[in-house]
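Asks: Listed here are the chains, written in short residue letters.
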Amino acid sequence: MKTDADITKIVISGDDFQKFREYFYRKTGISFEPSKRYFVDKRLVERIEMTESGNFRTYFTMLRFQASGEELQQLTNIMTVNETYFLREEYQFQCLVDSMLPDIANRKIDNSPIRIWCIPSSSGEEPYTVAMYLLERWAGINRWDVEIISSDIDTGILKKARVGCYSARAVQHVPATWLAKYFTRTGDNFQICEELRQAVEFTRVNLSELADTRPYRNFDVIFCRNLLIYFDDVSRKAAAETFYDVLKPGGYICLGHSESMSRISSLYNVRKFPEAIVYQRPLEAR
Amino acid sequence: MALVKMHITESAAQDEGKETLEWPVLLAALEDDNPTIRRRSARELVNCQNCAAALVDRLKRERDLSVREVIFTTLTRLGDSTAVAGLVDCLRSEDPAVRNEAIDAMKQLPENMASIMKGLLQDRDPDIRIFAVNVLESLRHPNVESWLIEVIETDAHVNVCATAVDLLSEVGTQAALNPLARLKARFADEPYVQFAADLALRRIHED
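These protein sequence lines are chains H and G, in that order.
Note that our numbering numbers the first sequence so that position 143 is 143, with each residue one more than the last.
Note that our numbering numbers the second sequence so that position 182 is 182, with each residue one more than the last.
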């Protein structure tokens, strides 16, 4: 077994870091500032060890030219923090109720429900956050019906989402009044209330499967945060094109804070709202 | 008004009519007046093995950017020789957006591009040779460095060589050292080539 001392023999130079940083940004849109040097170096050394590349140069060559792109995927996975909790990146929910929904409501010409799609659903923290935000922070809920659909490829995680039981850590950012109103304490955990469980439809969807996404149309808002960074370039672009037809003209899509639609597809307009930058399907054909 | 539960299958049934997935119908839909129909058709044809020619043909005439983008993605995913030939044709387009989309698509097709890269790098048009080097920028193929070395050793056009040497500063190894020195000698009066070659040499020496 290798010790920490063995591992630290692999050195990532300043030039290596710069080369990697430029490349990783081009491939994923994720930019590591020099302050993240330790974080990046540690993970690079880990992958150099795991792949038995021996040094940065050999590893970087393999990373760039490996036909399957598998190593880039592995590296991307460990370079991103896959964590979810209620009110994560809350500014986007503020943007939803203060900017996106008022705009959508203004443009509506009928009384059909407003549709919101969360993908990936993960264990449900995001769609339930959307539901609470609408009930607590958007006066328009008294005027409009809203449908929330939450989808994931993982049926196990969907089951957990439907149950709606969360750790104290997952709810740590939920205001006390919301916690009291929408959750019941069950030992160390927090059970989400029946009203919210009934408000969200959970479905299994593989975003890369045409047959899975075909029924999803006429949505007003999509939350797709921290998913596309795990896709290869072609799949990412195909997903953006799928979302384009999922959305109504003028509909919005929210990506994770490190993701940029502008680097994936030119189909969308960038909308800079006071609370967040989001992407909009143009109202008119282009 | 309130939160209401939606059943997605109902939504599908309410959509604008039944969709058919038969290839002749999808191919005909590529010519529909409605860009939404053309876009969906182009996406669904990704599962049709002999439809690249129809997609390439539509691409040449397509004016709607959203449909065009989906056709490019479908051609990339099909990746057969007809699709690749269609992408290569796009490099000669007068529209820079079409050229850039074609370059992006080609970057995703390392094996298919490998078989035609030598020809592209020897094209009569220096712009096409520059675009070919642009494709190499993200092409996942072990021959990338040797193709770039061949460019800086043989290409007479300074802009083609400058584009290649920029990329060599990222991917170059010891094998590129002598060719870079010869490039400097060949373009001794070109300050940018001197600068870019020196940068590449420095980076390779640091490795």
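Please keep in mind that the hints were generated in silico from the structure rather than gathered at the bench.
Quick caveat: nothing in here was measured; it's all calculated off a predicted structure.
Using N, Cα and C, we set each Cβ at its ideal position, and we do this for glycine too.
Hints are not guaranteed to be accurate.
Said to hold, decoys possible - Covered, in the sense of this in silico footprint (three residues per stretch, anywhere, with C-beta under 8 Å from a C-beta of chain G), are these stretches of chain H:
| id | region |
| --- | --- |
| 1 | 66–73 |
| 2 | 86–98 |
| 3 | 146–159 |
| 4 | 186–193 |
| 5 | 256–270 |
Asks: Using a Cβ cutoff of 8 Å, are there at least 3 residues of the region 86–98 of chain H near chain G, or does the coverage claim fail?
Replies: violated (count 0)
Asks: Checking C-beta pairs, does the region 146–159 of chain H have three or more residues closer than 8 Å to chain G?
Replies: holds (count 4)
Asks: Mind checking, does the region 256–270 of chain H have 3 or more residues with a CB under 8 Å from chain G?
Replies: holds (count 3)
Asks: Against chain G, does the region 186–193 of chain H show at least 3 residues with beta-carbon separation below 8 Å?
Replies: violated (count 0)
Asks: Are three or more residues of the region 66–73 of chain H within 8 Å, CB to CB, of chain G?
Replies: holds (count 3)
Taken one by one, the earlier hints fail for this structure at numbers 2, 4, listed in ascending order.
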